[in-house]
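Novice: Let the hints inform the model, and build the full structure from the sequences given.
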Amino acid sequence: MLVRHRCPFKFAARAEYVEELTGIRYDRAQCGKFITAYPRDDDHLRALAEELDHATAGLPGPRILSDRPYRPGSLVHYRYGAFRGVPHVSNEGVHQARLQDPDGNAVEDLRNPWFSPPPWAELPFPGAPGRPAKAPKAPRQVLLRDRYAVHDAIRHSARGGVYRAVDRQTGDEVIVKEARAHVGSWYTGLDARDGLRAEAAALAGLAGLGPGLVELFDHEDRTFLVETMVPGVTLARWVNERFAALRDFGTDCTSALIRPGRRGSCWGDAAARPHSRRDQPESPPASEAVCTVE
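Residue numbers (the working numbering): 37 to 330.
Read the hints as simulated data drawn from the structure, not as lab findings. Quick caveat, the model's predicted, so the values are computed rather than measured. Cβ coordinates follow ideal geometry from the N, Cα and C atoms, glycine included. A couple of the hints might just be wrong.
Unchecked claim - Computed Cβ-Cβ distance ranges for the label pairs, DEER-style: (1) A118 - C302: 43 to 53 Å; (2) D305 - A118: 34 to 44 Å; (3) A91 - A240: 34 to 44 Å; (4) D208 - L293: 24 to 34 Å; (5) H255 - F119: 31 to 41 Å.
Specialist: Structure representation (structure tokens):
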């Protein structure tokens, strides 16, 4: 179709490149973008978008955060960006292709995880709902499932966010993990949402050994896991503060990792940075460490 329209385009030439571009560790703003077309003008864009949307209707695919969908639910996205651009070297020595505004000034081509065209750009689809999105000026409280009031983001990634929230039913602090549709997809058809469901099953099977499972639910095309908050410090910090006792720590940590195995679970990954340890007086053994399987 793009060849027939004589439209330049680029695409991921190998399956492993597609896997990387849609992976959970890719840049979240552009995750999922594995083919890009460069129409010559707005009329060309509109003709292409309509045909591509019709051709891909009903197929699975991720939402691209830096772009706007042609229509709600469409796999066809668009953004205003540099094709070749004005060559520029940043203060950090990075070579960039910048946009040129109507006055001839070179302007950075922003790739934010929200739709952010430059202020002078006219949108090619006037009937598209909403206006160009901007980064929020102040944090807004988000209420999930009419129950979990999110008040802080711990981490954002292509897979989804990890948030602190308050359970309005109990008043307890909880952790909410998010998984976006079709991110981290496998040849089996599974994606990041299935990984989060597996984590929920693991928490249920390991009840009493770490964070507790509160709820697993779907909202639109995303899956959310709510688990209990366990206060503590990161495992890496705890080790650094007690480096002299590293041998005893290793023995105790090994014992802690054996315990889930007795219930039929196997650690796929145990790293120091994301895991936490309960605050306890008198430096109790590391078998009290609380870890979460990634």
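Novice: Look at each hint and say if it fits the structure.
Specialist: Comparing the hints with the structure gives:
1. For A118 and C302, the Cβ-Cβ distance of about 47 Å falls inside the hinted range of 43 to 53 Å, so the restraint holds.
2. The hint said 34 to 44 Å for the Cβ distance between D305 and A118, and at roughly 38 Å that hint holds.
3. Between A91 and A240 the C-beta distance comes to about 42 Å, which sits within the given range of 34 to 44 Å.
4. One distance hint, 24 to 34 Å for the beta-carbon pair D208 and L293, holds here, with the actual separation near 27 Å.
5. Take H255 and F119: their Cβ atoms lie about 37 Å apart, and the range 31 to 41 Å holds.
When each numbered hint is compared with the structure, no violation occurs for any of them.
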